[in-house]
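Number of protein chains: 2
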Amino acid sequence: MTEAELQALTARAFQGLGVRARDAEDTARILVLGDLFGHATHGVSRVESYGERLELGGINRAPLIRVEDVAPAIARVDGDNGLGPVVGTRALNEAMARARHLGVGLALARGSNHFGAIAPYCWLAAQEGFASIIGSNSTTTIAPTGGREARLGNSPLGFGIPHPGGRPVILDMALSVVARARIRAALTRGEAIPDTWATDREGRPTTDPKAALEGFLLPIGGYKGYGLALIVDLFAGLLSGASYLTHVKSWSEDPGAAQDLGHFFILIDTARLGSSEWLAQRMVDFAAILHDTPATDPGKPVRLPGEIELERFERHRQEGVQVETRVLGILERYAARA
Amino acid sequence: MTEAELQALTARAFQGLGVRARDAEDTARILVLGDLFGHATHGVSRVESYGERLELGGINRAPLIRVEDVAPAIARVDGDNGLGPVVGTRALNEAMARARHLGVGLALARGSNHFGAIAPYCWLAAQEGFASIIGSNSTTTIAPTGGREARLGNSPLGFGIPHPGGRPVILDMALSVVARARIRAALTRGEAIPDTWATDREGRPTTDPKAALEGFLLPIGGYKGYGLALIVDLFAGLLSGASYLTHVKSWSEDPGAAQDLGHFFILIDTARLGSSEWLAQRMVDFAAILHDTPATDPGKPVRLPGEIELERFERHRQEGVQVETRVLGILERYAARA
Chain F
1 MTEAELQALT ARAFQGLGVR ARDAEDTARI LVLGDLFGHA THGVSRVESY
51 GERLELGGIN RAPLIRVEDV APAIARVDGD NGLGPVVGTR ALNEAMARAR
101 HLGVGLALAR GSNHFGAIAP YCWLAAQEGF ASIIGSNSTT TIAPTGGREA
151 RLGNSPLGFG IPHPGGRPVI LDMALSVVAR ARIRAALTRG EAIPDTWATD
201 REGRPTTDPK AALEGFLLPI GGYKGYGLAL IVDLFAGLLS GASYLTHVKS
251 WSEDPGAAQD LGHFFILIDT ARLGSSEWLA QRMVDFAAIL HDTPATDPGK
301 PVRLPGEIEL ERFERHRQEG VQVETRVLGI LERYAARA
Chain U
1 MTEAELQALT ARAFQGLGVR ARDAEDTARI LVLGDLFGHA THGVSRVESY
51 GERLELGGIN RAPLIRVEDV APAIARVDGD NGLGPVVGTR ALNEAMARAR
101 HLGVGLALAR GSNHFGAIAP YCWLAAQEGF ASIIGSNSTT TIAPTGGREA
151 RLGNSPLGFG IPHPGGRPVI LDMALSVVAR ARIRAALTRG EAIPDTWATD
201 REGRPTTDPK AALEGFLLPI GGYKGYGLAL IVDLFAGLLS GASYLTHVKS
251 WSEDPGAAQD LGHFFILIDT ARLGSSEWLA QRMVDFAAIL HDTPATDPGK
301 PVRLPGEIEL ERFERHRQEG VQVETRVLGI LERYAARA
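Protein chains in written order, with our numbering: chain F, 1 to 338; chain U, 1 to 338.
Hints in this document: simulated from the structure, not taken from any laboratory. Predicted model only: the values in this text are computed from it and were never measured. Glycine residues also receive a C-beta, built at the ideal position from the N, C-alpha and C atoms. Treat the hints loosely; a few may be bogus.
Stretch-level coverage of chain F by chain U, calculated; a stretch enters the list once three of its residues show a Cβ under 8 Å from a Cβ in chain U [said to hold, decoys possible]: (1) 280-286; (2) 294-300; (3) 310-324.
Using 30 Å as the maximum straight-line C-alpha spacing, the simulated DSS-like pairs for lysine-lysine come out as follows [claimed, not checked]: (4) F:Lys-300 - U:Lys-300; (5) F:Lys-249 - U:Lys-300; (6) U:Lys-249 - F:Lys-300; (7) F:Lys-210 - U:Lys-300; (8) U:Lys-210 - U:Lys-249; (9) F:Lys-249 - F:Lys-210.
Throw the hints in and build the complete structure from the sequences for me.
See below:
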């Protein structure tokens with residue numbers, strides 16, 4: 001399926017779910033970019049859970065998004081419980097407009113929902129010459145270091161640096177060592193997991209995937225990753241005026257309730273720092289220094305963050321992208337209503 | 001020794017090294033705050049290496065710092081190879097001034113040197129009501145994931161969130177799992193190290209502290225920490241116009257050469273987001289949710305980032321701080337010249 005076909009089908013599916021045309025286009029763009037980067041879990045497959053919550057009234061089909069100019073460089077965005085990618089796209093655009101004008105722009109969003117992967121926002125920003133730092137809070141899955149109850153989310157955090165004429169550097173990561181999906185996969189295969197991935201219910205590191213799934217994900221770098229996850233929630237949740245920590249409602253446990261997630265978007269206009277030739281020359285040199293590192297395994301050269309995703313992206317844009325038959329069925333069913 | 005005494009002695013020592021009074025005060029403030037937070041390695045003990053480089057001409061005693069307004073919200077600071085804390089303090093102040101005016105401010109510094117710990121800058125910003133994201137590049141000690149040659153630094157990264165009337169949250173971390181000092185300590189004690197701390201010279205994880213010291217520090221979370229370290233260098237080094245990656249000169253190998261380090265300071269004025277009562281109430285609630293987490297070990301309650309450092313800080317401010325006799329000797333020797 002070509003990008004254009006997937007974009008059109010996904011947008012139509014969201015229109016079939018009662019979402020306005022422009023909002024459906026924005027949602028489709030973020031999710032389709034997720035698929036193009038090869039992150040099917042954060043791609044159009046989300047139509048299933050987003051659709052379920054739209055149908056239940058857990059997400060507002062037609063939000064009245066309000067933007068407050070709390071300072072010349074800061075937009076506070078109230079998402080009115082709209083789809084995350086709708087609120088996210090609006091916040092990104094507000095932050096870019098301020099950064100274009102002043103060099104730096106910040107958008108703080110509240111009243112939002114799951115907004116897809118972060119890489120699509122960083123990529124859209126990089127296309128316009130903006131460096132970005134973007135984060136979101138999320139449902140609690142991580143216990144604080146030394147604790148045995150989930151009190152903070154696997155706060156995703158992303159960064160993008162534009163590279164005029166070349167591949168931007170994009171880092172999009174959650175702050176757990178691995179996603180729960182990897183632990184579920186180990187359980188299915190009947191394999192033990194490294195004791196650095198998760199703890200059991202009592203907060204003790206475990207190699208048993210079953211105990212791990214009943215317990216908590218471990219953050220990267222121990223207390224450092226715990227600290228980072230908490231900082232993301234402070235910027236995305238606490239400073240934005242959204243919910244934070246355990247105040248964030250669980251999507252799976254209470255799909256009809258508003259989550260009140262928060263996001264932050266910090267954008268920097270690199271055009272203020274030098275010409276595109278200047279930036280391109282530095283980005284080429286930066287990448288070359290890393291690529292030229294002697295490899296531990298000569299068959300596996302050193303890569304930059306986002307490089308594998310951007311290679312997939314380029315291939316998918318040329319050759320089209322595969323979507324699971326089941327997901328296509330859902331998209332087509334909703335699209336038929338439009 | 002009281003804070004005031006240590007501040008006065010350290011400032012006099014830097015004046016003895018030929019640094020101007022105001023610059024000596026700024027340098028002393030950043031280093032003394034490092035000691036008050038309990039990070040003696042990033043405190044006044046740095047007078048030794050800073051002094052050596054000032055004497056060799058590797059650092060400029062009397063820099064002409066230039067500030068360019070590249071955009072209303074962005075200051076580009078050329079440190080003219082001055083002491084890191086002098087350049088850092090100036091950049092912090094420029095970023096705060098812009099954030100006070102526009103809500104957000106960015107300062108990008110180049111031509112700088114080691115600027116002490118990051119926590120002091122985050123603390124100074126938090127005192128004025130600013131949230132902060134601050135980073136610096138540094139001499140290469142980390143091999144990229146899959147590589148077997150150091151190509152990037154242990155890029156320190158810090159965050160601060162003010163808490164009116166209470167303790168701010170401050171996270172100041174390097175992106176390696178541990179500092180080299182912990183590996184040296186294991187070697188001294190004849191102990192093995194976990195294989196997650198470092199690799200040998202060939203880039204293979206090792207439990208032998210000797211092989212680790214000849215090899216490379218491992219970043220937190222594998223490729224995630226590698227990615228973060230690289231992002232810090234992109235913002236602090238590449239975008240600022242400073243050196244980056246292997247272009248950064250090694251202080252220990254070439255103490256007479258300018259390092260051309262870069263830093264970035266992103267400041268957000270929280271007064272634009274709500275009243276201090278609003279912020280204080282949310283910060284109290286946020287901390288309470290984490291403190292109330294049932295602890296894995298009942299004797300070790302859950303803490304917030306920076307909490308232990310801020311407790312030490314309060315105690316040291318009241319009771320004074322201990323400084324190593326050897327370091328005191330160096331301070332007094334330089335101060336005698338002033």
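>> Is the coverage entry for the stretch 280-286 of chain F by chain U consistent with the three-residue Cβ rule at 8 Å?
In response: holds (count 3)
> Is it true that the CA of U:Lys-210 sits at most 30 Å from the CA of U:Lys-249?
Replying inline: holds, 25 Å
> Is U:Lys-249 within 30 Å of F:Lys-300, Cα to Cα?
Replying inline: holds, 28 Å
>> For F:Lys-249 and F:Lys-210, compute the direct alpha-carbon distance and say whether it is at most 30 Å.
In response: With Cα atoms ~25 Å apart, F:Lys-249 and F:Lys-210 stay inside 30 Å; holds.
>> For a C-alpha distance cap of 30 Å, please report whether F:Lys-210 and U:Lys-300 respect it.
In response: This hinted pair holds, its Cα atoms lying about 27 Å apart.
> Do the alpha carbons of F:Lys-249 and U:Lys-300 lie within 30 Å of each other, as the hint requires?
Replying inline: Since the Cα atoms of F:Lys-249 and U:Lys-300 sit roughly 28 Å apart, the hinted pair holds (cutoff 30 Å).
> Are F:Lys-300 and U:Lys-300 close enough, with their CA atoms no more than 30 Å apart?
Replying inline: Violated. F:Lys-300 to U:Lys-300 sits at ~43 Å, over the 30 Å cutoff.
> Counting residues of the stretch 294-300 of chain F with a beta carbon closer than 8 Å to any beta carbon of chain U, are there 3 or more?
Replying inline: holds (count 5)
> Counting residues of the stretch 310-324 of chain F whose CB is closer than 8 Å to a CB in chain U, do you get three or more?
Replying inline: It is violated, with 0 qualifying residues against the three required.
Checked against the numbered hints above, the structure violates hints 3, 4; every other hint is satisfied.
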